[in-house]
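Chemist: Sequence:
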Amino acid sequence: MPETARELINRYYRAFNDGNMTVFLDLLTADVVHDINEGGRETGREAFAVFMERMNRHYRERLTDIVVFASADGRRAAAEFIVNGEYLASDEGLPEAKGQRYTLPAGAFFEIRDGKIARVTNYYNLQNWIKQVSQ
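Per UniProt numbering, the very first residue in the sequence shown carries number 1; after that it's consecutive.
Bear in mind the hints are in silico, worked out from the structure with no lab data behind them. In this text, all values refer to a predicted model and were calculated from it rather than measured experimentally. Heads up, a few of these hints could be off.
[Unchecked claim] Pairs of lysine to aspartate or glutamate residues, derived as DMTMM-like cross-links and limited to a Cα-Cα distance of at most 25 Å, are as follows:
#, residue 1, residue 2
1, Lys116, Asp73
2, Lys98, Asp73
3, Lys116, Glu46
4, Lys98, Glu111
5, Lys131, Asp31
6, Lys98, Glu38
7, Lys116, Glu53
8, Lys131, Asp26
9, Lys116, Asp18
10, Lys98, Glu46
11, Lys116, Asp26
12, Lys131, Glu80
13, Lys131, Glu61
14, Lys131, Asp73
15, Lys131, Asp91
16, Lys98, Glu42
17, Lys131, Asp35
18, Lys98, Glu53
19, Lys98, Asp18
Let's have the full structure, built from the sequences with the hints guiding it.
Modeler: Here it is in C-alpha coordinates:
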(Lines of atoms letter the chains of each structure in order from A and count residues from 1; the text may use other names and numbers.)
(Lines give C-alpha, C1' and ligand atoms only; values in the text may rest on other atoms or scores of the structure.)
Protein backbone atom coordinates (compact mmCIF):
# COMPACT_ATOMS: atom_id res chain seq x y z
CA MET A 1 0.00 0.00 0.00
CA PRO A 2 1.48 3.41 -0.95
CA GLU A 3 2.41 5.69 1.89
CA THR A 4 0.18 8.69 2.56
CA ALA A 5 1.38 12.26 2.19
CA ARG A 6 1.38 12.64 5.98
CA GLU A 7 3.46 9.48 6.41
CA LEU A 8 5.94 10.70 3.75
CA ILE A 9 6.40 14.10 5.41
CA ASN A 10 6.74 12.53 8.85
CA ARG A 11 9.40 10.18 7.46
CA TYR A 12 11.19 13.19 5.91
CA TYR A 13 11.35 14.95 9.30
CA ARG A 14 12.31 11.75 11.13
CA ALA A 15 15.27 11.34 8.73
CA PHE A 16 16.19 15.02 9.30
CA ASN A 17 16.13 14.61 13.08
CA ASP A 18 18.13 11.36 12.84
CA GLY A 19 20.73 13.11 10.66
CA ASN A 20 20.18 10.45 7.99
CA MET A 21 20.84 12.49 4.87
CA THR A 22 20.73 9.39 2.63
CA VAL A 23 17.11 8.64 3.54
CA PHE A 24 16.26 12.37 3.73
CA LEU A 25 17.46 13.05 0.18
CA ASP A 26 16.02 9.80 -1.20
CA LEU A 27 12.53 11.06 -0.30
CA LEU A 28 12.94 13.87 -2.87
CA THR A 29 12.32 13.71 -6.61
CA ALA A 30 15.41 14.15 -8.78
CA ASP A 31 14.01 17.53 -9.92
CA VAL A 32 12.83 18.72 -6.50
CA VAL A 33 12.23 22.46 -6.20
CA HIS A 34 13.53 24.02 -2.98
CA ASP A 35 12.29 27.48 -2.04
CA ILE A 36 14.70 28.76 0.60
CA ASN A 37 13.35 31.01 3.34
CA GLU A 38 13.90 34.64 2.29
CA GLY A 39 16.20 33.34 -0.44
CA GLY A 40 16.14 31.93 -3.89
CA ARG A 41 14.84 28.82 -5.55
CA GLU A 42 17.06 25.84 -6.26
CA THR A 43 16.19 22.83 -8.38
CA GLY A 44 17.43 19.26 -8.13
CA ARG A 45 18.32 16.75 -5.46
CA GLU A 46 22.05 17.52 -5.88
CA ALA A 47 21.50 21.22 -5.15
CA PHE A 48 19.42 20.27 -2.10
CA ALA A 49 22.26 17.99 -0.91
CA VAL A 50 24.78 20.85 -1.21
CA PHE A 51 22.41 23.14 0.69
CA MET A 52 22.05 20.56 3.47
CA GLU A 53 25.83 20.05 3.70
CA ARG A 54 26.21 23.80 4.29
CA MET A 55 23.37 23.89 6.79
CA ASN A 56 24.76 20.93 8.75
CA ARG A 57 28.17 22.63 8.92
CA HIS A 58 26.72 25.82 10.40
CA TYR A 59 23.74 24.60 12.44
CA ARG A 60 22.71 21.64 14.57
CA GLU A 61 18.92 21.47 14.60
CA ARG A 62 16.22 19.20 15.94
CA LEU A 63 12.56 19.69 15.07
CA THR A 64 9.86 19.17 17.68
CA ASP A 65 6.10 19.62 17.95
CA ILE A 66 5.72 18.61 14.30
CA VAL A 67 2.17 18.71 12.97
CA VAL A 68 1.59 17.61 9.38
CA PHE A 69 -1.45 18.46 7.27
CA ALA A 70 -2.25 16.96 3.86
CA SER A 71 -4.75 17.60 1.10
CA ALA A 72 -7.38 14.94 0.47
CA ASP A 73 -5.77 13.99 -2.86
CA GLY A 74 -2.32 13.61 -1.25
CA ARG A 75 -0.63 15.99 -3.68
CA ARG A 76 0.09 18.75 -1.19
CA ALA A 77 1.09 18.89 2.44
CA ALA A 78 2.15 21.40 5.05
CA ALA A 79 3.93 21.14 8.38
CA GLU A 80 4.31 23.36 11.41
CA PHE A 81 7.09 22.74 13.91
CA ILE A 82 9.61 24.20 16.34
CA VAL A 83 13.28 24.39 15.36
CA ASN A 84 15.56 23.82 18.36
CA GLY A 85 19.04 24.70 17.23
CA GLU A 86 22.62 25.58 17.94
CA TYR A 87 24.60 27.98 15.75
CA LEU A 88 27.91 26.15 15.23
CA ALA A 89 29.90 28.14 12.66
CA SER A 90 29.40 31.62 11.26
CA ASP A 91 27.33 31.70 8.08
CA GLU A 92 28.02 34.35 5.43
CA GLY A 93 26.10 37.58 5.97
CA LEU A 94 24.81 36.54 9.41
CA PRO A 95 25.97 37.24 12.98
CA GLU A 96 29.07 35.52 14.33
CA ALA A 97 28.50 32.00 15.64
CA LYS A 98 29.44 31.32 19.25
CA GLY A 99 27.40 28.19 19.92
CA GLN A 100 24.22 30.22 20.52
CA ARG A 101 21.03 28.22 21.03
CA TYR A 102 17.73 29.22 19.47
CA THR A 103 14.10 28.12 19.37
CA LEU A 104 12.14 29.16 16.34
CA PRO A 105 8.63 28.40 15.07
CA ALA A 106 8.68 27.41 11.41
CA GLY A 107 6.58 25.90 8.67
CA ALA A 108 6.90 24.23 5.31
CA PHE A 109 4.78 23.52 2.27
CA PHE A 110 5.21 20.47 0.04
CA GLU A 111 4.15 19.18 -3.34
CA ILE A 112 4.16 15.41 -3.73
CA ARG A 113 4.53 13.47 -6.96
CA ASP A 114 4.80 9.71 -7.44
CA GLY A 115 5.32 9.11 -3.73
CA LYS A 116 8.19 11.59 -3.37
CA ILE A 117 8.55 15.21 -2.38
CA ALA A 118 8.69 17.42 -5.50
CA ARG A 119 8.74 20.85 -3.80
CA VAL A 120 9.75 22.11 -0.36
CA THR A 121 9.07 25.71 0.65
CA ASN A 122 10.33 26.66 4.12
CA TYR A 123 9.31 29.66 6.21
CA TYR A 124 10.57 31.08 9.50
CA ASN A 125 11.12 34.54 10.92
CA LEU A 126 14.75 35.36 10.11
CA GLN A 127 14.69 38.55 12.20
CA ASN A 128 13.56 36.50 15.22
CA TRP A 129 16.48 34.12 14.68
CA ILE A 130 18.97 37.01 14.29
CA LYS A 131 17.68 38.58 17.52
CA GLN A 132 18.12 35.29 19.39
CA VAL A 133 21.69 34.64 18.20
CA SER A 134 22.76 38.28 18.65
CA GLN A 135 22.12 38.37 22.41
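Chemist: Could you tell me which of the hints above the structure violates, numbers in ascending order?
Modeler: 2, 4, 5, 8, 10, 14 and 16
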